[in-house]
Every structure is written in structure tokens, then in C-alpha cells.
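Trainee: One line per chain: the protein sequences are A and B, in this order.
Residues in the first sequence are numbered from 0 upward in steps of one, following numbering that gives the first Met the number 0.
Residues in the second sequence are numbered from 0 upward in steps of one, following numbering that gives the first Met the number 0.
Incorrect hints may appear among the rest.
Because identical chains cannot be distinguished in the list, a pair is counted as satisfied if it fits within a single copy or across any two copies.
[As the list claims (entries may be wrong)] Mimicking DSSO-like on lysine-lysine, the simulated pairs with C-alpha atoms at most 30 Å apart in a straight line are:
1) Lys-404 <-> Lys-257
2) Lys-6 <-> Lys-392
3) Lys-332 <-> Lys-27
4) Lys-242 <-> Lys-356
5) Lys-257 <-> Lys-392
6) Lys-95 <-> Lys-214
7) Lys-327 <-> Lys-179
8) Lys-192 <-> Lys-391
9) Lys-190 <-> Lys-391
10) Lys-373 <-> Lys-95
11) Lys-192 <-> Lys-336
12) Lys-229 <-> Lys-415
No lab work stands behind these hints, which were simulated from the structure alone.
Everything numeric in this text was worked out from a predicted model, so none of it was measured.
Number of protein chains: 2
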Amino acid sequence: MKIPPVKGTRDFYPPDMARRNWIIDGWKRVSVRNGFEEYDGPIFEYLKMFQIKSGDEIVEQLFSLEDRGGRELALRPEITPTLARMVNQQISSLPKPIKWFSVPRLFRAERPQKGRLREFFQWNIDIIGVDDVLADAEVILTTIDYLREIGLTPKDIKVKISSRKLLAVFLRSIGIAENKLESLYTLLDKKAKLPEDTFEKLLTEQVTNKETVTKILNFMNCNSIPDIPKLITKENKEFYAYKNVMLVFDYLETMGVKDYCEFDAGIVRGLAYYTGVVFEVHAVEGELRAICGGGRYDNLLRDFGGPPISATGMGMGDCVLEILLKEKGLLGKSLPKKELDYFVAFAKGYGGGTVYKVAAELRSRGFSAVFSYKTSAGLSKLLKEASALNAKKCVIVGQEYLDNKQLVIKDMATGKQELVNYDSLFTQLKPESK
Amino acid sequence: MKIPPVKGTRDFYPPDMARRNWIIDGWKRVSVRNGFEEYDGPIFEYLKMFQIKSGDEIVEQLFSLEDRGGRELALRPEITPTLARMVNQQISSLPKPIKWFSVPRLFRAERPQKGRLREFFQWNIDIIGVDDVLADAEVILTTIDYLREIGLTPKDIKVKISSRKLLAVFLRSIGIAENKLESLYTLLDKKAKLPEDTFEKLLTEQVTNKETVTKILNFMNCNSIPDIPKLITKENKEFYAYKNVMLVFDYLETMGVKDYCEFDAGIVRGLAYYTGVVFEVHAVEGELRAICGGGRYDNLLRDFGGPPISATGMGMGDCVLEILLKEKGLLGKSLPKKELDYFVAFAKGYGGGTVYKVAAELRSRGFSAVFSYKTSAGLSKLLKEASALNAKKCVIVGQEYLDNKQLVIKDMATGKQELVNYDSLFTQLKPESK
Numbered sequence: 000m001k002i003p004p005v006k007g008t009r010d011f012y013p014p015d016m017a018r019r020n021w022i023i024d025g026w027k028r029v030s031v032r033n034g035f036e037e038y039d040g041p042i043f044e045y046l047k048m049f050q051i052k053s054g055d056e057i058v059e060q061l062f063s064l065e066d067r068g069g070r071e072l073a074l075r076p077e078i079t080p081t082l083a084r085m086v087n088q089q090i091s092s093l094p095k096p097i098k099w100f101s102v103p104r105l106f107r108a109e110r111p112q113k114g115r116l117r118e119f120f121q122w123n124i125d126i127i128g129v130d131d132v133l134a135d136a137e138v139i140l141t142t143i144d145y146l147r148e149i150g151l152t153p154k155d156i157k158v159k160i161s162s163r164k165l166l167a168v169f170l171r172s173i174g175i176a177e178n179k180l181e182s183l184y185t186l187l188d189k190k191a192k193l194p195e196d197t198f199e200k201l202l203t204e205q206v207t208n209k210e211t212v213t214k215i216l217n218f219m220n221c222n223s224i225p226d227i228p229k230l231i232t233k234e235n236k237e238f239y240a241y242k243n244v245m246l247v248f249d250y251l252e253t254m255g256v257k258d259y260c261e262f263d264a265g266i267v268r269g270l271a272y273y274t275g276v277v278f279e280v281h282a283v284e285g286e287l288r289a290i291c292g293g294g295r296y297d298n299l300l301r302d303f304g305g306p307p308i309s310a311t312g313m314g315m316g317d318c319v320l321e322i323l324l325k326e327k328g329l330l331g332k333s334l335p336k337k338e339l340d341y342f343v344a345f346a347k348g349y350g351g352g353t354v355y356k357v358a359a360e361l362r363s364r365g366f367s368a369v370f371s372y373k374t375s376a377g378l379s380k381l382l383k384e385a386s387a388l389n390a391k392k393c394v395i396v397g398q399e400y401l402d403n404k405q406l407v408i409k410d411m412a413t414g415k416q417e418l419v420n421y422d423s424l425f426t427q428l429k430p431e432s433k
Numbered sequence: 000m001k002i003p004p005v006k007g008t009r010d011f012y013p014p015d016m017a018r019r020n021w022i023i024d025g026w027k028r029v030s031v032r033n034g035f036e037e038y039d040g041p042i043f044e045y046l047k048m049f050q051i052k053s054g055d056e057i058v059e060q061l062f063s064l065e066d067r068g069g070r071e072l073a074l075r076p077e078i079t080p081t082l083a084r085m086v087n088q089q090i091s092s093l094p095k096p097i098k099w100f101s102v103p104r105l106f107r108a109e110r111p112q113k114g115r116l117r118e119f120f121q122w123n124i125d126i127i128g129v130d131d132v133l134a135d136a137e138v139i140l141t142t143i144d145y146l147r148e149i150g151l152t153p154k155d156i157k158v159k160i161s162s163r164k165l166l167a168v169f170l171r172s173i174g175i176a177e178n179k180l181e182s183l184y185t186l187l188d189k190k191a192k193l194p195e196d197t198f199e200k201l202l203t204e205q206v207t208n209k210e211t212v213t214k215i216l217n218f219m220n221c222n223s224i225p226d227i228p229k230l231i232t233k234e235n236k237e238f239y240a241y242k243n244v245m246l247v248f249d250y251l252e253t254m255g256v257k258d259y260c261e262f263d264a265g266i267v268r269g270l271a272y273y274t275g276v277v278f279e280v281h282a283v284e285g286e287l288r289a290i291c292g293g294g295r296y297d298n299l300l301r302d303f304g305g306p307p308i309s310a311t312g313m314g315m316g317d318c319v320l321e322i323l324l325k326e327k328g329l330l331g332k333s334l335p336k337k338e339l340d341y342f343v344a345f346a347k348g349y350g351g352g353t354v355y356k357v358a359a360e361l362r363s364r365g366f367s368a369v370f371s372y373k374t375s376a377g378l379s380k381l382l383k384e385a386s387a388l389n390a391k392k393c394v395i396v397g398q399e400y401l402d403n404k405q406l407v408i409k410d411m412a413t414g415k416q417e418l419v420n421y422d423s424l425f426t427q428l429k430p431e432s433k
């Protein structure tokens, strides 16, 4: 009985797994060197937990299931709700600031499309307990530190940065009512994805006043910080939001990554929960979705029943990233080469178990070692197998072993062979070579 | 709104995550050095896939869900069905033997109890395409290679080995009908878990003949290979099964791990799909469940619609292992120490961004580097923060920087300080220190 995999999921054969590990190991390495500690939560949580942050519309994007008591659960579509739950659970004992990262496997019951699967991995970094744009800058720095390491330059990608606070004070200042802000964010977030006239039509439906529509369009098209003051009035509150945007760019310049960054008032991030700096990383060319996005969310922990603690973070999925890296020829390039320390072979005429003994000994000392299952093959065939596995050295058990308990060590790169006494083989292995 | 985690799942705070990573990284490292390549499949598959191997009774242990088309899916309770599906999909292009490993996250909708959670990790290794007990021996060797590395000795654990084939030919030889074998395996597998009289009572219910019951009990209690011939007749088929058990012990002796292994005819493994050598690893003391189990399953790929290719493998969960390691004091002991290469601090009087610049530079060169968010703290407080993070060195930006563009590098272990020119700091970093 042949059964196919579920649509929108991936099988990771060894070459696919090597790519997945390379991406995830990079996320982990860069997180640690930027001072983040790893955490993770369960794959499923109570369904209602995901509604707190993202509202009811998230429910149709969830894979839901039940526990034995009939309680509604869901596969996590994101890890931020779990993060908020976990931090709140131990809020009094955790030293602040909390700098945590995670690489959760996430699930969305959407129709699969380019760069969007039902099952994917997402790098998350968050700084909790710092009410200073310095933390927003550090989140962006860490994001760039990874993207730069894997070979993406400012010619390939741009971090587009804006501020939800700036947008909010601007919208209030031109007379948008408080209860209309949320649905407006959702629409404004779609600006780059919609044809210009469609967007304007939808905007006019929400904001009937023509002059207000023009003001919003002018604001959204602003991508120069010095132009901001022309668009907002000079009230204190607005000036503070403006100053914070300037400040985050100052920090990014100091940190040496300003050439990756640009101000773009069109960056909104759809979700209602953002409260300050917001950003997305986009490929400079092509029609790809955002590679990642993030921003400040100062109310989330409180919304999850905890104290009012500010937070800022970023999420980067593996699907869009992998497409971009493939396009740029950066994916296969930096994958570590498959290597084998020792292939242990026997020369014809020898039928004992020394081959397995040597392999087992090498492994227990930390070396990778393989023997062949072709137990009746000749030496030349075995050496071919060793080459196919990219073995650095080949240990040959043969007549020399029967005569003098000696093994032949063949360097597979140079072809050079040397005789080694069996008893001294393992003492001879240099620890620095491992 | 406060929502708890789902029962039977785990939150991995950074210290828990460090333990989980330590276990999983060990599984991966040992797999690779034993010549296995990593694969993975999706978290969910079509529900019916899990019934092929484990029958209908598995369904009540599954977390089931639906896709958008209403098709029945389930969270994977094991990865072997996925392995069979994936290998069958590419059977003609994959070089044989296939030596693969995986560390899947698995799910069982059972009542949580000691060593058994609803969500757990399991190390799986499999060798596909080798019809030789040498492969069974290599699976056992790899298992021991890991358990030995983490500090478990033959005094702590024993690999109990038997043969499903031997059991089958024995049962047939004493007149058990073919169609009764499967339910008998399930019962015999429970022998060690049930009180002696309960087991005998249940056995008598299935096998009404008293003499047959005694024969089965004698066989099940046999833990000495030389005693096997006394229990079986000398037909060719039985002798072959017996010879294979002897052979696997010969290989394990050659591989240097025989002191971990013992023959135990009471090892059955419940599932019907085993066809040859079966084994379990048990703690020598205490009442823990098996740490891992495995064996030969020569019919599975065929049952999944593929060709008849022999296979053998092992699965080890993280829950029981972690309990045993805690009991033996081996868990915390070998965890890598949390380390930080550089803490970058400022001395009072200095307010510029050089701290962030230095930290960002160090990170981009692969060093871990952290700055403080306590932007108004004095140097002594910052040095305390550096110590708490276990920093090896502290870079201090202060008056020397303002005067001569020099930085103070403090060795946190010795307390020694040296002055370094800002411009030469990064060229001075030795690559071998990373």
C-alpha cells in the first residue's frame, strides 16, 4: 500500500537535511554570539492561546486537534504566544533583560504556495524588559549579522524600518478615530502587495475624506527620515516617535550595518500587537515575500496575564530564505562537505573481524569510521567505496596483519601508504586531529 | 488571561533546552561517526499510514487532525512508517545499504506518566538493504557507542538481545498455530512488566495445554546461549535462527562491547513487524522502562508498497534516558559550560556608541559578545554583569579611548588588564582562539 506525503509538507532526504541543518545551525550560532539563549515550547498549545494575540481570524489558519478530555488544541502557527506564556510563568525569577531565541517548527493550514508551506521552521529572537530602541537596534543587528554571514550584501537585501508609534500618532493627528486604527493597519500593511489603484480604492472606502487619503498616501510613500517632520505636526508625542526612529538609525550606523537599512514608512506589519519600531527584510530584486519581519510589542505579556513589560523581536522563516539563497547561488556553496575520517577495509584472503574491531575503536575515540557490507568484495572495489564516501584515510587489514599484526594506512588524497603496528594504531592517533 | 501549557508537554527554558540539546547533539554526533546520514519527515502524515505498521490499536494513541479537504491526518507517534515511505519513494536511486538516522519529535495521546510524555524526542538509526546480522550488530554497537560516551557502564545498563525468528520457530515447533503467533507476541512482551502469576494466568488462557505453557516459560527464562539447543529441536530452520544469535554475539565481542550485552529470550518486542534479532536496553537497577529497543524488520518496506528489502533499526526516547542520567548523576555533569568571549563595557564619563560598535565587530568575526542595557551603570556593576555571564574577557571603553583611542582588555580569570589601540584590536584577534 503506497501512501503519499501530505501536501505542503517536506521530506528531508539527507541532502535536504544537510541544507536544513546548515540554515538552522547558522541561526543558532549567530543567536548565541549575539548573546541570546535558546528556549522552546510544545508543538501544540490550547487553541484559545493563539486567539489572544492574533484574534479569531487565526483560527482558520490553524491545524486544530483535541486532547483526550476533548479540549481544543492547535499546532503552533508561531511561538510568540508560547514565549509570552513561558516568560509570564517565571517572570519574577528570570533575570532581565531576557534575551532568548528559538527555532520552532511551525504549522499553518493554508494552501501551499511559493515560499509558504504548511510546515516550516522559523528563527525567533526576542529581547524582553528593555524599553529603549537600543534593543530594537540589537534585534536588527543580530538579523543582519546572520544574513551578512551567509553572503547576502546590501545589494541583495534591505532592512526596511518604520515605527508603528509614528504611524499611530500621524493617523491620530489627521483625525483617524482610535477604533479605526486596527483595520487600517491591516489594509496599510497590504500596500506593497496590492496594485496601486486597488490599494487606493480600498483606502478610500475606509477613509472617505479625499484629503485624508492623500495625506496617508504621502506618509506611506516617505522613505527619508528628514522628510518626516514635514508630514507630522510638532506635538511632543509625535516628536518622541520621530526621535526614536532617528535614534534606531543612529545605533545601526554605530553598529556598522546602516548600509543594509532604510527608512520606509510603508512598513506597517499587519498585526495589531506592534507598538513601536517595525521592520521587514526584503530582497532588493524580484517579487519574493519578506524574508523576515519584527518589531516592538510592549503590551503582549500583559495581554497574556503578566505584568506590563516591554518587548521586541524578529521572526524569519526558512522557506523564503531558502528560495532567495538558491536564486543567489549561496545555498549549495557554503554547505559543509561530507567527510569521513576512516574507511576500514580488508584485503582478500583475510576473513577475520579485525575490520569491525578497528572501526568500533576509532568511533569510540570520536573519529567517524565506516566498514563495507560487501563482505566478499575485492580491495579495489572497497577503495572505490571509500572514495565515494569521501574518506580521508583508509585502514587496510590484510596479509600484513596475518604476518606481523600490522595495518596499512592509506592517505586517500595523496595515495601514500604506511605500515602501522596494530597495537600502536590507537595511541598514535593525534588528539588535535579530532 | 493566563493559559497553562497542555499536560504531558514540556516547556524548555534555557537550562532545559541546554540539556535537550546536549542529548540530541550527542545522538547526532555518534550517528555521524558510525556512518549514518540524517533525514527527517513531516510532523504529520495521513492517519492510515500509521495503521499499516501498527494496526488499528495505534489509532487511539494518535493525535489526529484534518487537512482543509477533510482528510484524516495524525501527528507521528514514530518515524519508521515515514522512513519506509521515503525509502520506497526513491528506492531505485538510493545507494545501498541505506544507513540513516533521525531525531524526530513524536507524539502519543496517552495519559502522561513517568518516562512517558505526550510529546518527546526519539533517536532512530536504521540500516536498510543488509540481510546479515552484521547490520544488527552495528545498530547495537552504535547504540552502545552513545550510551558509553555519556558515561553509562555495563554496571549501569544491559543490552538484552534475543531473536524473533528463534521465538517463532520455537513456538511453531511446540505446535502453536500460525494465526496465534501475533497475539502471543503481544502477551510475551509483557512478561517483565506483569506479576509472575498474572502473566502465567494470561498465558494459560491463550495456550490451554499445561505442558506447552511450561515449555514457553522455560524458553522465555533462558538467558544463556548454550542452553538454546536444549530448548529447540534440531531442524535446519531453527538451527539457522540459533546460529544468527550466536553470530551477533560474536560480532559484538569483536567490536569490543560484549560486556554490555546478554542473551535474554524474554525480549520479544510487542509489535508484529519484527522478523529477526530484537533487543532492548535496560537499567541494571530500578524499575525504569526500557531505555531503547529495536530489531530486524524485513517485511516493512514491502508492506508499504515497496520491494522486499531487509532492514534493522533502533529507537531511543529522551524521557527515560533523562531520568536514568539524572539518577546516575550524569546529566548536569557533562553539560557544556555557558561561555561568553567578550563583555563590552564602558567606564563612567564615556557616553558614545563605541561599546555597540565593538560588540558588533566582535560578533561579525565569530566571537560571542554582549553589552549591557544598564546604560547608566558604573563599571563595577558592569563587571559583575560580565562575571555573571561567565565572560572570558571584558573590553572597557573609557577615558583611555577619549584620550588616545585605546581600549582596556581585562582577562576575567586572572584580572590582568592591557591597553590595546582601537584600530589594532580586531587585527590582533587570533583566529585560533575561535
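Trainee: Against the earlier hints, flag every one the structure doesn't satisfy and list their numbers going up.
Mentor: 2, 6, 7, 8, 9, 11, 12
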